[in-house]
Amino acid sequence: MTLNWKIGGVLLGLVFFLAVLLVKPIGVSTQFVILDGIIGDAVNSELVTKTEEGYTSTNAYLAKSGGKYAKSVANPLNYSFVFVGAMMLGAFLSVMARGGIGSDERRLPAIWYANYGDTPAKRYLVAFVGGFVVLYGARLAGGCTSGHMMSGMMQTALSGYIFAAGAFLAAIPVAMMMYRKEG
Amino acid sequence: MSTIILAIVIGALFGATLDRIGATNPNWIGKMLNLTNLHLMKTILLAIGVGSFLMFGGQMLGLVDVGHMSVKAAYVGVFIGGVLLGGGWAAAGYCPGTGVCAAASGRKDALFFIAGGLLGAAAYMVTYPMWKASGLLEDVAGGKVTLGTVPGSKFEGITGVQGDVLGLVLGLAFIVIAFILPERLAGRGEAIAPAE
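Going down the list, the protein sequences come from chains A and B.
Be aware that the first sequence starts at 1, since it is given in my numbering, and climbs by one per residue.
Be aware that the second sequence starts at 1001, since it is given in my numbering, and climbs by one per residue.
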């Protein structure tokens, strides 16, 4: 079912190329901040405010770089935010076109089952904590796997190499310790 | 408006491709990172190589606008953040982009990943002043720099090597590594693909 790496790699490379040819390099993790900002602004409308030059925020992170994140929070219909929504749509259509994912797998990935048995609650907790650490790290680094590793290394950005070194240095030992059985 | 259409088209293509290469499947991520099946690693390396080769090749032929490059700053926090992301990526089997796509594919654990991610991003928003004050967000080696100096680019190079030529060479190197990387580095026997 999964594409051979020679075809898959060329396809994925074409998508990254298309993005930089037509618009700009792909990135995802900033949009978690934008969604947080939208939720925060809905609860407390003081969070993001319009100024004469643009937008600003009571949160220092949203206000940084001339309020560019605050601006995206105020205008969610922007390229990068819509892009992530479209990614979800594309993945959904692709999964449906190949008949969907089985219910067992949707509930619990096979590699988890092989290592930890039928323990969905534990799996969801690990996914939650993992998500927290991933996004905290991505924002500290200023990008994630797509923005730093793929788009960055593709552009020969020094930051992309630094990021990839850190990511694999941690990811490989953690995976080898946590997932000893292959699944 | 046209940028929104581009966002929908390129975003959907990206999401569909992530699904078809197995990147949204935590079994493939786990097997890549515990080094028992490097198929996805080959896909990623080949993609970086192809993307790099086309972008720099296109620039040299004048077909790709150098102004579309967007280089992120290098600072100590990039490495620390990379370590954190790597640990969470291995444990959860998702990164930000593949996590949202996996949730859209019906994977329940990916919803928990996204919830944790939103909280983690919010925690960073709150603790940002502390990182800023620590100096770990200050540029190192020039900040927004490329390995070579790309002609016409607003980003500086850390070496005087011609950046587009270096980009082509590194692109080819990624492609070569994708080909010579073995199927597995840990364990024995043939690399087993995840079910489904």
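Hints should not be assumed to be uniformly reliable.
[Stated by the list, open to error] Straight line, CA to CA, 30 Å or less: simulated DSS-like cross-link-like pairs of lysine-lysine:
no., chain 1, residue 1, chain 2, residue 2
1, B, 1108, A, 50
2, B, 1132, A, 64
3, A, 24, A, 50
4, A, 6, A, 71
5, A, 24, B, 1154
6, A, 71, B, 1144
The set of hints was computed from the structure by calculation and includes no laboratory data.
Against the structure, the hints come out as follows:
no.: 1; hint: 1108/B to 50/A; verdict: 38 Å, violated
no.: 2; hint: 1132/B to 64/A; verdict: 11 Å, holds
no.: 3; hint: 24/A to 50/A; verdict: 26 Å, holds
no.: 4; hint: 6/A to 71/A; verdict: 40 Å, violated
no.: 5; hint: 24/A to 1154/B; verdict: 14 Å, holds
no.: 6; hint: 71/A to 1144/B; verdict: 23 Å, holds
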